[in-house]
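A.B. asks: From first to last, the protein sequence lines stand for chains A and B. With my numbering applied, the first sequence covers 13 to 363. With my numbering applied, the second sequence covers -5 to 245.
Just to be clear, a hint being listed does not mean it is correct.
Unchecked claim - Below, a list of computed lysine-lysine pairs in the DSSO-like style, where the Cα atoms sit at most 27 Å apart: (1) Lys257(A) to Lys221(A); (2) Lys185(B) to Lys240(B); (3) Lys39(B) to Lys215(A); (4) Lys215(A) to Lys222(B); (5) Lys288(A) to Lys257(A); (6) Lys184(B) to Lys137(B); (7) Lys215(A) to Lys10(B); (8) Lys288(A) to Lys336(A); (9) Lys337(A) to Lys257(A); (10) Lys139(A) to Lys307(A); (11) Lys240(B) to Lys234(A); (12) Lys288(A) to Lys2(B); (13) Lys10(B) to Lys221(A); (14) Lys221(A) to Lys2(B); (15) Lys221(A) to Lys222(B); (16) Lys182(B) to Lys215(A); (17) Lys221(A) to Lys234(A); (18) Lys244(A) to Lys139(A); (19) Lys221(A) to Lys39(B); (20) Lys307(A) to Lys245(A); (21) Lys184(B) to Lys215(A).
Stated by the list, open to error - Counterexamples of contact, computed for chain B against chain A with all Cβ distances above 10 Å: (22) Lys39; (23) Glu100; (24) Leu234.
Stated by the list, open to error - Estimated spans, in silico, between C-beta atoms of each pair: (25) Pro93(A) to Tyr143(B): 36 to 42 Å; (26) Ile96(B) to Leu124(A): 19 to 25 Å; (27) Gly9(B) to Ser208(A): 40 to 46 Å; (28) Leu237(A) to Gly214(B): 38 to 44 Å; (29) Asp205(A) to Asn227(B): 51 to 57 Å.
These are calculated hints, taken from the structure and not from any lab test. Ideal Cβ positions, reconstructed from N, Cα and C, are used throughout, including at glycine.
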Amino acid sequence: MAEKVMVKGTEAIGEAAIRAGCRLYFGYPITPQSELTEYMSRRMPQVDGVFLQAESEVAAVNMLYGAASTGHRVMTSTSSPGYSLMQEGVSYIAGAELPVVFVNVVRGGPGLGDIQPAQSDYFQATKGGGHGDYRLVVYGPESLQEAVELTAKAFDVADKYRNPALILADGMLGQMMEPVEFPDFRDLNTLPDHSSWAMQGAKGREPHKITSFDINEYVLEKMNLRYQEKYKKIIENEQMWEEYKAEDAELVIVAYGTMGRIAKTIVDMARGKGVKAGLFRPITLWPYPYDALAKLADSAKLFFTVEMSMGQMVEDVKLAVNGKKPVEFYGRTGGVVPTPNEVLAKLMELI
Amino acid sequence: MSYKIKFKGPESLSGKEFTYCPGCHHGIVHRLVAEIIDELGIREKTLMVAPVGCSVFAYEFFDVDGTVAPHGRAPAVATGMKRAMPENVVFTYQGDGDLAAIGTAEILHAANRGEKITTIFINNAIYGMTGGQMAPTTLLGMKTTTSPYGRSAENEGYPLHMAEILSNLPGVAYLARTKVNKPQDVLKTKKMIKKAFLAQIQGKGFGMVEVLSTCPTNWGIPPVEANKWLEENLVPEFPLGVYVDKVGDEK
Ligand SMILES: Cc1ncc(C[n+]2csc(CCOP(=O)(O)OP(=O)(O)O)c2C)c(N)n1
Ligand code: SF4
């Protein structure tokens, strides 16, 4: 570990990916993540890596598919409209079980929306987006340090399960600057060996075939059941969350990413007013830490979900709480970030 | 008594039975591509990208590492592979719906980047797999299931000439349009496919061979007539020949 350096969010994720062993990046500019594409164009040649600006997000995600099928660590990044365009490829990559890392720096939507931070791609990120029964491992970092650590983790988890992973950030995280401590460069020789399945040329072995496809419905069902087995393991092993002053909390705020970070301030302000507030911050948005959140429903009286959307994660909170306690919601959308004061005012109304 | 094998299938075909209709040219072209891979001795380092369309199973018919791209995206998938594995030989196999409609952007930009990949482009002027709908290459007046009154220029525009369009791009190192409906054409086509691979192997750029092909099933005519129909209708619309050749003659 080196000393802390001041970096911009998009660049922090890019550097973290390179240090994690990513040597191929394909992308297309879109605000507020264009600096990540730019950063990779500068850095990749310096580490003998490949940077290619694709002609579209549709092409970028398919370049990713091709490069990943050779067993290399690959990444792309984009923002909401671009991630929508990538969904075709995301579904194919999930079906072909290729370990790739996506970064979606979410902005206000729907449609062209705006370029301000938002969390309104939660459904798309965690419930599908593309066609078919598939899942991505989805991380929602709250800070640049956490984004750096989760980026490295995303590559490892993607490799471990042969499954795509997604860093779901937002425009705030992408654009802010913070001191960050980067991990050391990963020795490329220590990366997992994918030669048992990767397309590297059928030298001295049977050819490898990588597809998301079988025309026979019974075979395809079997493939899907195999994916589900894998998802079960991911659910068992990969859930991450943070609790902040939650042990004795009567009111539990549930928020993730940038909103989760802001919510810590709100918890402290509420405690200052004598309200026993706490925070539950899911870090993996899929697999969602349902059980950990459900546990809090035994002691807490009220759950309060706060999002930079019109209430997408609130459905998962309700699933976890399962009717045991009331779940309230507050959110702003279109790129508006709720301020601690306005959330606190809403919270005081609730109790 | 001992037997001597005088004639056998190419090593680069897996031996899986082709699923193509009788008289379809996909099978002929597969065999030619496999023979070239054998002759160039590149089977063990070839990576193939199959398309969406009747040749979706091509990845199984070839005895090389292979994958299936989303409809039209094969050139982007191949780009990712080639950038990751520059020492390997990467080829895509695509129909006209795949390459000239949904995947126009991908093929144009891969060719324009001079991507060192090889593309085999099967132009049968129709969508085969989905049951004979209109393709961008469908001839004016030609009836398909989605141009039941015949393709009209006012409504659907003109047949798209991919070889001509791509031949204007400096990244293209070899480009030819050919057919396989007669034995002498088959031999010519084989030489062209070889050059399209050599363009890649020699690092010169993008190589493509467009093969005018039959789809007797969806044209609704028997194979022999389909070969004749191709000669009389497709060839006048899509001129044969070598459009770009930066590979040069073999020594
Ligand atoms: C995104 C998408 N759109 C449509 C299809 C349906 N589809 C499958 S094959 C095909 C046409 C293929 O025609 P062509 O490329 O000419 O190949 P051929 O079958 O004639 O060999 C279409 C439209 C698909 N699989 N994916
Ligand atoms: S439908 Fe046409 S293109 Fe497809 S296999 Fe049959 S003849 Fe060939």
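A.B. asks: Kindly indicate which numbered hints from before are broken by the structure, ordering the numbers from low to high.
C.D. replies: 1, 4, 6, 11, 12, 15, 16, 22, 23, 27
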